[in-house]
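A.B. asks: Work out the full structure, taking the sequences as your base and the hints as a guide.
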Amino acid sequence: MSIVRKVVKEIEKRKALTAILLMLFMMLFFDTRFYTAYNLLDMLNSAAILEMLAFGVTLVIICGGCDFSIGAMMSLAGIITIKLMDHMPLGPAICAAVACGALVGFINGFLVVKQKTEPFIITLGMGMLLKGIAQQITDAHPVPAKNLSYMKIANGKVLFGIPNLIIIMIVMLLLFYYILRYTPFGRNCYAVGGDYHVATQSGIRAERIKWAAFVICGAMAAFCGVLLSSKLNTGSSIYGDSTALSVNCGCVVGGTSFAGGVGGILQSFIGLLAIQVLENCMNMLGISAYVQKVCEGVIILLILWFDNYAQKRKKEAV
Amino acid sequence: MDRQLSDVILSVEHVSKAFPGVKALDDVSLQVGRGVVHGIVGENGAGKSTLMKILSGVYTKDAGTVVFDGQTIEKTTPMESLRRGLSIIYQEFSLISSMTVGENIFLGRFREAGGMRGTHQKAKELLEQIGSSIHTGSYVSELSTSEKQMVEIAKALSFQSKLIIMDEPSSSLTEEELTKLGDIIRQMRSGGISILYISHKLDEIFEYCDVVTIMRDGHVIDTRPVRELDRREMVGMMVGRTIENEYPERPHFAGEPLMKVEHLTTNKLKDISFTLNRGEILGFVGLVGAGRTEIVRAIYGADKVKRKEIQIEGEAVKIMSPRDGKKCGIAFVPEDRKQQGLVLPFSVESNISMANLKKLKKGMFLSPDKERKMAEEKISELLIKTPSPASVIVNLSGGNQQKCIIGRWLETEPKILIMDEPTRGIDVGAKYEIYMLMKKAVEAGSSIILISSELPEVLNMSNRVLTIADGRITGEFDPEKVSAQEIMNRAIG
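Residue numbers (our numbering), protein chains in the order written: chain P, 1 to 318; chain U, 1 to 493.
Hints should not be assumed to be uniformly reliable.
The calculated DMTMM-like cross-link candidates involving lysine to aspartate or glutamate, where the alpha carbons are at most 25 Å apart (straight line), are [stated by the list, open to error]:
hint, chain 1, residue 1, chain 2, residue 2
1, U, 270, U, 309
2, U, 270, U, 176
3, U, 304, P, 296
4, P, 114, U, 324
5, U, 306, P, 207
6, U, 260, U, 470
7, U, 361, U, 336
8, U, 327, U, 443
9, U, 201, U, 427
10, P, 116, U, 336
11, U, 180, U, 128
12, U, 308, P, 42
13, U, 318, P, 207
14, U, 373, U, 309
15, U, 361, P, 207
16, U, 359, P, 207
17, P, 114, U, 413
18, U, 327, P, 207
19, P, 116, U, 443
Because the hints were derived from the structure by calculation, they are not lab data.
C.D. replies: Okay, here's the thing in structure tokens:
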């Protein structure tokens, strides 16, 4: 195979990464403050929470599901933490919020896995329910946190001046990467998503695996909610309205397919990063917020279309 | 052949087709006569399905000419082919299961058929023509495999087809349904319709076909009247060597009882009891739907049961799920490779290792090195042909895919290996290799339960045969002493 074809094939395989590199390259020619340590760190910092949401969702998608309740879960978890902090210390409050997330994941998993419902609709419904609860608790007003040390979790810089959020994200990235790649649980996730019946018949506890993925995803969403409310020092029911959509979408853009059984943490990471870089570039270039949305939509559609097209061609060749 | 040109309905001349890396068809020529049942045989990968897809318009040919009914065909689409009078009945039927029989037959042509009433009226006539009494208002999802096939045939007839290509039409039919299919084929032939009959099963070629074309590796080896050929000669041409035996010598190692199944009862099964001895191959014979698969699925814990008592090595065991089954030393190679056996997006090595992840652990994590080693061992042990252990499993041939599944289960070191239709859709050479694997497994001390619709396979491989009809065990035979006829009689019930 000639080098050119090899390169083309590699690009085909890593569309999202190519898109990122292309954008980075293009930014060299514009006189902006894009290439400053401050901007690059800031970009990663604002991507961190979305990325971590994506890690949880990736597990679920690989198992052949999806989770659209994460946005509402995130906003609710922030509110719960702040409200609970009035009555208990910080640690237990955070734990309680994460436990709530796990519980929601457990219910999602019960409905999807045990009752065999459609995950898209179920989790969308769950999202509405959670948002309703969040609005009811707060009366739709933002709730400010009174504890200063809470704010420091997400806004502090403990290591070498790198924001905590980025460090937490990297730790989570490595953790989830190892879980998916090098543990029986991770491998079984791929098998369950790749073919549920085959997995069951091979002695894999498919139900439990998929269920566990939902629980982890819910807990992760709640954890992200804690981080978000810490970052903004406020909890509000209006956060996370479109988050779930863009996170699930980012995973697919990266190459984690809704069909299940393919993809990975790195792919999802890159997929979401692509969206984030695009947003940042457009901000730098002073493109209006509305046009930005349009561009984002177009690019996401293009990537998904190419992806589908490449797969179709591959199938025809077989 | 001294036929006149007008007697030839389809003429394929020097057709070639290449895919990246493979020459699927190389200078293929063949002629199908009007009103002739023309068989095509060949191993998997011989080019049969590629040829078919070129005829139907799914693929375009690289070179050569195709003349159908006096017209040279350059580019075509499946719909155009149909309109010209060339129908293809695929192995996986192309019916829409949520629509009715009548709607399927006249799909997209309701107006031509005269609205809904005309559709059902005409569909009924077509079905009656082939002696089928399927109600045209029933949904296809409710039909059996053989009934679906009838609908496909009726659909082909509705286009006034001059040539019908049938791809492995018998692969999931019972003996009885097969006889019926034979009648329909003969009836269509006498009506002047040509049939291109593609099959692995040589018996059917000898029974139904007038002429047979043998293909191998994208070439036509020979086309001859069936009368002039015998079985061994044909198999020899298919595989490029003479196969002395289709089956290895029957192993004889049966020992003490290994598994006792008692009072196995489900919605479909009625009080099944039997014993499996150590080191024996126990064959299950029965019609499709008699409950053969249900028995093994129930034993393995894949289906719900009302009652079952299982003893393995004298100890009562509870098997509630496939996981329990695996823990008790049972392995299950299911009947539908693609649907139940393989994880299609997985590589060869992941497919082999997936039931054995415990063995790959190094501390908390999986070791990729151990996985590679496990896969390589199985690949050389089972002679799996694959470019590398990391290749995606869909790229392998059917026989090699099946060997991967068998490898997955042999790696669990099972006491009992259940094999449901282990050689379906696999070519002759690979079949023999799978028989040898079975023999080796038995010699190593495992026991095998073998289910197969191919009677000769069960009779030649098993030490003991149970016949099953209507959810009951109806008899037990020693296949060496009893004729196939007798066993079949009991299996029909």
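A.B. asks: It remains to establish, for every hint, whether it holds in the given structure.
C.D. replies: Going through the hints against the structure:
1. U:270 / U:309: 13 Å, holds
2. U:270 / U:176: Roughly 23 Å separates the two Cα atoms, so the pair holds.
3. U:304 / P:296: 50 Å, violated
4. P:114 / U:324: Holds, at roughly 19 Å.
5. U:306 / P:207: Cα-Cα ~22 Å, so holds.
6. U:260 / U:470: Since the Cα atoms of residue 260 (chain U) and residue 470 (chain U) sit roughly 21 Å apart, the hinted pair holds (cutoff 25 Å).
7. U:361 / U:336: Status violated; Cα separation ~30 Å.
8. U:327 / U:443: 22 Å, holds
9. U:201 / U:427: Roughly 10 Å between the alpha carbons, so the hint for residue 201 (chain U) and residue 427 (chain U) holds.
10. P:116 / U:336: Cα-Cα ~23 Å, so holds.
11. U:180 / U:128: 13 Å, holds
12. U:308 / P:42: 64 Å, violated
13. U:318 / P:207: 20 Å, holds
14. U:373 / U:309: 39 Å, violated
15. U:361 / P:207: Roughly 22 Å separates the two Cα atoms, so the pair holds.
16. U:359 / P:207: The given pair, whose Cα atoms are some 22 Å apart, holds under the 25 Å limit.
17. P:114 / U:413: 31 Å, violated
18. U:327 / P:207: Given pair residue 327 (chain U), residue 207 (chain P) holds - Cα atoms ~18 Å apart, limit 25 Å.
19. P:116 / U:443: Status violated; Cα separation ~43 Å.
This entry does not satisfy hints 3, 7, 12, 14, 17 and 19, going by the numbered hints stated previously.
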